[in-house]
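Using the numbering used here, the first residue of the sequence shown is number 1, and each one after it goes up by one.
Treat the hints with care, since some could be wrong.
[Unchecked claim] Ranges of calculated distance between the beta carbons of each label pair, as one might list FRET restraints: (1) D90 x T132: 28 to 36 Å; (2) E154 x E106: 45 to 53 Å; (3) K83 x T132: 30 to 38 Å; (4) R153 x V204: 44 to 52 Å; (5) K189 x R152: 22 to 30 Å; (6) H173 x N149: 15 to 23 Å; (7) E184 x R153: 17 to 25 Å; (8) E84 x K115: 20 to 28 Å; (9) E154 x P110: 57 to 65 Å.
Worth flagging that the hints you see were computed from the coordinates, not collected in a lab. Small disclaimer: the values here were computed from a predicted structure and weren't measured. Where is the CB? At the ideal position from N, CA and C, for every residue including glycine.
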Amino acid sequence: TLQSFFSRYSFSTNPPISLHFFLSLTSSFINNEHDPRFIISITTISTSSRMGRGKIEIKKIENSTNRQVTYSKRRNGIFKKAKELTVLCDAKISLIMLSSTRKYHEFTSPNTTTKKMIDQYQSALGVDIWSTHYEKMQENLKRLQEINNKLRREIRQRTGEDMSGLNLQELCHLQENITESVAEIRERKYHVIKNQTDTCRKKVRNLEEQHGNLVLDLIRSTV
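All chains should be modelled from the sequences, with the hints used to inform the complete structure.
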């Protein structure tokens, strides 16, 4: 009879049911084998036991402590799986992880290095992930060098040097620039002279006022 029960109403429970509940269930089967209500209850138990725990919604963990704990546990799990895959399948794996707190973690299979993995990746796809960045750096460096050389040349030309390669138009332009610079220098010089003159005049007035006060004090003291 029990064998007939398990062949007709097979089910599994997770977590496992208690021994007392199992014996009660067996007794109910013996006494109610053909009772529709018993069959329905068995079906309900089987269905609910297969449902298990609900799925966890995948979204950002707001609590920073819980987020770091989860990150640490799952990171270790990923690294463990990577190690197993390296051993079981002789695979080459390179993992780079950066947490929200800027902590850096890396795993590379013992039979390779990160550089070798990148080189093999570039070779497999026929690309060079560094070339574009390097070329931009070279172009920027060349541009800055040209600007620096031009400024140095202009400084030398303003002091009367390195003018052998200038044509008439360039010489005239240089003269205009120097004339404008001289005018600005002259204007600035006059401004400084005026400020110094005004300052000296104020000092003279203050001294004259102090001298007058001293003379008055002397006259009052002699009267």
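Quick rundown of the hints versus the structure:
1. D90 x T132: 28 to 36 Å: 33 Å, holds
2. E154 x E106: 45 to 53 Å: 50 Å, holds
3. K83 x T132: 30 to 38 Å: 34 Å, holds
4. R153 x V204: 44 to 52 Å: 49 Å, holds
5. K189 x R152: 22 to 30 Å: For K189 and R152 the Cβ distance comes to about 27 Å; the hint holds.
6. H173 x N149: 15 to 23 Å: 18 Å, holds
7. E184 x R153: 17 to 25 Å: The hint (17 to 25 Å, Cβ to Cβ) holds, given that E184 and R153 are roughly 21 Å apart.
8. E84 x K115: 20 to 28 Å: 24 Å, holds
9. E154 x P110: 57 to 65 Å: 59 Å, holds
Comparing the model with each numbered hint stated earlier shows that all of them hold.
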